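All chains, please: the whole structure from these sequences, using the hints.
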Amino acid sequence: MQETKSETNQVGRFGEYGGQYIPETLMSEIDRLTEAYDHYKDDPDFKAELKDLLINYANRPSLLYHAERMSADLGGAQIYFKREDLNHTGSHKINNVLGQVLLAKRMGKTRIIAETGAGQHGVATATVAALMGMECEIFMGKLDTERQALNVYRMELLGAKVHAISTGTGTLKDAVNAAMQEWTRRMDDTHYVIGSTMGPHPFPTMVRDFQSVISKEIKAQLLKETGKLPDAVVACVGGGSNAIGAFYHFINDPSVKLIGCEAAGKGIHTDKTAATLETGRIGIFHGMKSLFCQDDDGDIAPVYSISAGLDYPGIGPEHAALQASKRVQYVGITDDEAVDAFEYIAQTEGIVAAIESSHAVAYVRKLAPTMRKDQIIVCNLSGRGDKDVAAIARYRGVNIHD
Amino acid sequence: MTNLQAAFAGENTFVGFTVAGDPSVEKSVEYVVAMAQAGADVVELGIPFSDPVADGPVIQAADLRAFAADITTDKIFAMVAQIREQTDVPLVFLSYANKIFDYGYDKFYQRCEELNVSGTVIPDLPVEERDEIVPFATKHGVSVIPLVAPTSDKRIPKIVAGTTGFIYLVSSLGVTGVRDEVAHDLIQTVQQIKAVTDTPVVVGFGIHTAKQVQQMNQIADGAIVGSGIVKLIEKNPNDATEAIKAYVREMKGNVSVQN
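These protein sequences, in sequence, are chains A and B. Residues in the first sequence are numbered from 1 upward in steps of one, following the UniProt record's numbering. Residues in the second sequence are numbered from 1 upward in steps of one, following the UniProt record's numbering.
To be clear, the hints were calculated from the coordinates, so they are not data collected in a lab. Since we're looking at a predicted model, the values are computed, not measured. For every residue, glycine included, the Cβ atom is placed at its ideal position computed from N, Cα and C. Hints should not be assumed to be uniformly reliable.
Output of the computed footprint for chain B on chain A, the stretches with three or more beta carbons under 8 Å from beta carbons of chain B [what the hints assert, rightly or not]: (1) 16-27; (2) 180-190.
A few chain A residues that face chain B, going by a derived Cβ cut-off under 7 Å, partial list only [as the list claims (entries may be wrong)]: (3) Thr8; (4) Gly76; (5) Gly283; (6) Ile284; (7) Asp299; (8) Ile300.
If you want it as structure tokens, here you go:
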């Protein structure tokens, strides 16, 4: 019997995951982007300009805050929150957007497009486009424009054009499809700012690099305050950008447990879930080989979560590899657990965290009591929850006009 | 296995596209046979995908009609078996990478070989990732048809070297759909391809008139018409046979048909 062996291209791979599975029409542009990123990531002027913007515009470094009341209440590990919610525009998304838009400008682009789920990435993109005097168009699933109406208006206020996408499930996946199609039509003057560690190479690597400032700061801040490394770092996972940012500089510290919290929706044993790492299987979509929620015939399955930012049927390829190597543990958090945590952190610490980040807080509530008081958990608060207040009120049966 | 390359040896060669299972397996078989009878040189069968990122609204809607009829990859192979009882027209599949990957590369191409399906066009498989599929296709005598885009330029030699079947030249930027004008620098792109390979060059995306088909046959070796035929099915899902035949004859330059 003749053995057939296939050769997997090694460019942009994390184990068997990653790659560049996109239409030929975009490949020249992807090649140009790869070259530009390889050049500018080590360019002293580029680095200096990005650093200045991160400090003086985005409000970095973000605080590492010791949540003493919550630590005492849970009666176990000391809990620290990395306050990405205090960044300008209210989430970690600005770290990546500043990097990519600055790069796009160096490449001579004048127009920026982006997808958005909860609207956090769209708001960050519209903000930086305004700052840099660039044209901006945002693609957002129609369902998401309804559940995140406030962010739609924010983006428009910032001068962006928002396209509500009604094809497919009308959520993040469809917004990515529409943004990719738009990029295929017009790439000469346009850069597509992908908001997560997904898509074809170089995006998963580039977005991770721009977000890795989170773990770099955590490490320095915690060492300064406690002289120790954390025992665990916990972050929510949709496409995976805030999580990889929070994990990256700890990957080679084996004593640090890394835990990603994905959206289980109504539960991982129901069909109303977005827990890709627990329920998905290997496939090829949105430019990458990774894990995806699929039906029996290789079609992408509809997913569900209360959180528009985690409502995605795939996962960044580096996370798929980190799960395969067992370096990171991924757990599912249900809507109910996330909403409880949303209320708990508000009432215990006076912080209204995004419903996405509340998935991570929910796991901290389970983990902390199992640990000793001299141990440390760092939880990444990826965004603030103002945008979610109306939706959570509705979830609790309170009707308010937002 | 039918020699795909030979299909483009004649005059005014024409590839007709339809989505497998649109609007039902039974009708889809009938429409493919109709295309063959009316003179299509090759029929390209689209395998529906949940997220057809390279396709415009016309083909997306056709995918949805096929899904409404519960189409699956296995049913498509069964459908091809029925087509093969009626015609030997050269067939190629258009499929997104995940449908083939999830079915299993070896199993997929083995079924292609059994049913005399000569090639696969995979819009989200650039040359960078091609080597993970080509060995399986080659083992079963099936061509992996490369796509060349207006933006390919210096990538062309790498894309077309060593390919078999035909080369799918994308006429314009963006997604599939009907267009009134196709890009003018096609001639140059064809020359760049011909400098590297003798594999026939067939132009697709936006082509829908007999005049365009003739023009593409002068510039290159043939034309692919997709959305034009799918629109006829959209207009009259269960009774499009005569319209398809008339359209294909018109494209082949045999009859002039009034709209």
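A quick look at each hint next to the structure:
With a threshold of 8 Å between beta carbons, the proposed coverage of the segment 16-27 of chain A by chain B holds, since 9 of its residues qualify and at least three are required. Counting residues of the segment 180-190 of chain A whose C-beta sits closer than 8 Å to any C-beta of chain B gives 6, which meets the bar of three, so the coverage hint holds. A least Cβ separation of about 5 Å between A:Thr8 and chain B falls short of the 7 Å threshold, and the interface hint therefore holds. The interface hint given for A:Gly76 is broken, as the beta carbon of that residue sits about 43 Å from the closest beta carbon of chain B, more than 7 Å.
For A:Gly283, the suggested interface contact is upheld, since its CB lies about 5 Å from the closest CB of chain B, less than 7 Å. Because the smallest distance between the Cβ of A:Ile284 and any Cβ of chain B comes to about 4 Å, under 7 Å, the interface hint for this residue holds. For A:Asp299, the shortest C-beta to C-beta distance to chain B is roughly 4 Å, which falls under 7 Å, so the interface hint holds. With its C-beta approaching chain B no nearer than about 5 Å, A:Ile300 sits inside the 7 Å limit, and its interface hint holds.
Figure legend: structure checked against the earlier numbered hints; the only hint not met is number 4.
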